[in-house]
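Colleague: One line per chain: the protein sequences are A and B, in this order.
Going by my numbering, the first sequence opens with residue 1, and the numbers climb by one from there.
Going by my numbering, the second sequence opens with residue 1, and the numbers climb by one from there.
Check each hint, because a few of them may be wrong.
Because identical chains share one entry, a pair is satisfied inside a single copy or across any pair of copies.
Here are the simulated lysine to aspartate or glutamate pairs, DMTMM-like style, with alpha carbons at most 25 Å apart [to be verified]:
| hint | residue 1 | residue 2 |
| --- | --- | --- |
| 1 | K175 | D204 |
| 2 | K87 | D25 |
| 3 | K212 | E140 |
| 4 | K87 | E76 |
Hint data in this document are derived by calculation from the structure and do not stem from the laboratory.
Protein chains: 2
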Amino acid sequence: MRIGILGTGTVGLTFGTRLRNLDHDVTVGARELGNPRAVEWAEAHAAACGTFADAVSGAELVINATAGQYAVDALEMAGGNPALAGKVLLDVSNPLDFSTGEMRLSVCNTDSVGEQIQRAFPDARVVKSLNTVNGSVMVEPSLVPGAHTMFVAGNDADAKRVVVGLLGEFGWAAKDVLDLGDITGSRGMEMYLPLWVSILRAVDGNLAFNIKVVEG
Amino acid sequence: MRIGILGTGTVGLTFGTRLRNLDHDVTVGARELGNPRAVEWAEAHAAACGTFADAVSGAELVINATAGQYAVDALEMAGGNPALAGKVLLDVSNPLDFSTGEMRLSVCNTDSVGEQIQRAFPDARVVKSLNTVNGSVMVEPSLVPGAHTMFVAGNDADAKRVVVGLLGEFGWAAKDVLDLGDITGSRGMEMYLPLWVSILRAVDGNLAFNIKVVEG
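With the rest of the complex left out, here is chain A:
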């Protein structure tokens, strides 16, 4: 699959490396052309790099791995609704805002980044997933032993199937993927983040954790 990744931070390049190992055709996109980190990574992994627009153009699947509060801006720079129309857009971002010195979400409660993206780009087929675990676990769920749960939310059933297929390539068993319905489900997935951070502290900083939904 031809996959474009927006964002050249740790999460973006973690996706890039895993997707190259799975033999996908990858372009990572940065805010500015010639981003040294992206260039270096692309050379080392036989992948392409360019602008946000370069990453989206020609991609069958777009992964938003930018910081959540800048996601709509980044996707606008990538060409907006015309460029994204019909494409599956996997949003793995979180609206983490540390500008006040303590962690808060830049949007929550009555809205979410997933919903903002779907509203801003109505012809994109937005699927929220993977934001509830650390980047390493996103692409290698076996870092956490046994069964544990990944959520998906989005308005387009076919787009969710594509994403669940990609999750399967990463190692997420279909039985462990829980469909939360339409894109408003991203609200709960993003608002889980403060609990995730508290759990991370309680497990002494071990990033290889997740939650499992257990049913009676």
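For chain A, the structure is supplied; the task is to place chain B on it using the hints.
Modeller: Positioned in the frame of chain A, the structure of chain B alone reads:
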């Protein structure tokens, strides 16, 4: 133990019944004296009922089972800081607000009900717990099979020990209780609620579910 319960809704009376079955001395408190539901329940369970102040007076442990957005008001009516001073105050409430027609939290992101209560009543020993599961599961965790996780947060280590002891009487194994640190941990525990509601829908309304933290 002499336990006072604030709130005569389903959660309050579920606690009352379970605590009476465990042979604790229980007083349920309502906003107004003579609340018919409370009177009827108390008669049937050889327990006492009265005002919020009656429930707090003489209690060694107070359980706040009122709606989160009214919790501080209810505790103020119960006598406020002088009445609560030194007492363990287990807050199981959630700030659910349906006044706009869709579910939202009345406080979140930079604050929480647990923190509001601790600030308003600085001499109470507030512990947040149990709000992350349905009332039936709170007092009967075996409704969900196998191991699953309960969180506690609070500033007072001894108060947390008292609460973990009570959780043990309900059936929560100590190894499944995860201490999230001080009362600011209640922020994540309350912000988990939108995800809880989404999961509830995804499991077709089966209230007997919880999450388990799985670590690599």
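Colleague: Work down the list of hints and note, for each, if the structure agrees.
Modeller: Now the hints, each set against the structure:
no.: 1; hint: K175 <-> D204; in the structure: between (29 Å within a copy, 16 Å between copies)
no.: 2; hint: K87 <-> D25; in the structure: within (16 Å within a copy, 62 Å between copies)
no.: 3; hint: K212 <-> E140; in the structure: both (16 Å within a copy, 19 Å between copies)
no.: 4; hint: K87 <-> E76; in the structure: within (15 Å within a copy, 54 Å between copies)
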